[in-house]
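**Student:** Chains as they are written, first to last, in this note's numbering: chain X, 1 to 131; chain D, 132 to 227.
No lab work stands behind these hints: they were computed from the structure. Certain hints may be false.
[Unchecked claim] The calculated lysine-lysine pairs, modelled on DSBU-like cross-linking and capped at a C-alpha distance of 35 Å, are: (1) K15/X x K28/X; (2) K218/D x K198/D; (3) K15/X x K198/D; (4) K29/X x K15/X; (5) K28/X x K166/D.
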Amino acid sequence: MRINVMSVMVDDQRKALRFYTEVLGFVKKREIPLGEHSWLTVVSPDAPDGVELSLEPDEHPAARPFKDALVADGIPFTSFEVDDVQAEYDRLVGLGVRFTQPPTHIGIATTAVFDDTCGNLIQIAQEHSTP
Amino acid sequence: MFRALADPTRRAILDELSERDGQTLFELCARLGTKHGLGSSRQAISQHLDVLESAGLVRTRREGRYKFHDLDTTPLQEITQRWPIPKSASKNKESR
C-alpha cells in the first residue's frame, strides 16, 4: 500500500487550480472530467511523480461547516514543506496571499499559515535538524 | 481575574500573547505545546481562553472567517491600585 494522492476540499475547482498553480507554483497533473466536476490533481514541480494533491469539490453539506470551524480556529487543513518559510512567506505576501500566522519558530520547525482562497488554511513548514 | 491568573497554563497563554498579539487558537496551541511542553488539548486551551476572556485579560476578535486573540493587561491595574507598590520598593528589591 502506498500514499499516492491526498485531497483538499475546495469551493471552486477553476479558482483552486489557478491558486495552486499560479500562486503556489504547483503544476497540473491530471484533469479528467467527471460530470460537472473533474478529477483534478496538481503536483510539486520538484516531485512530478510524487504525491498528487486532488482539488476536490466541497459539495457535501457537512464540508463547509467543517471547513469554517477549522478556519475560525486557525487550524490548517494540511501542510506543505518548504526550504525557507520566511522566503516563501515574503513571496506569497507579495502576491497578495493572506496569512493568519506569520513565520513562527516552534523549536523543531518554523511554520506559517495562509488562506488558500478556496475555504482552507494551509501550513508551510521547514523542519530544523537542530532545534 | 485572580482565579484566571492562578493557573500556569493560563499564565503561559498570556506570556505567548505578550510576545505576539493576534494569535489563532492553532498558533497558541503550537506555541504552548512546543515551547512550554504543555500537552493540553485544543478544547482545554479554548476553555482556558474563555476564562481569560471573562476576566478581561484576553480579547477575541473576529476578522472575516478568522478568530484572533489579543492580550489586554488593563485589568492588572487593579492589583497595584489595591496594593500600591511603594516608590522605594524597586530599589529595596535589589538588596532583598
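**Student:** Work down the list of hints and note, for each, if the structure agrees.
**Tutor:** Going through the hints against the structure:
no.: 1; hint: K15/X x K28/X; in the structure: 13 Å, holds
no.: 2; hint: K218/D x K198/D; in the structure: 41 Å, violated
no.: 3; hint: K15/X x K198/D; in the structure: 25 Å, holds
no.: 4; hint: K29/X x K15/X; in the structure: 16 Å, holds
no.: 5; hint: K28/X x K166/D; in the structure: 39 Å, violated
Checked against the numbered hints above, the structure breaks hints 2, 5 and satisfies the rest.
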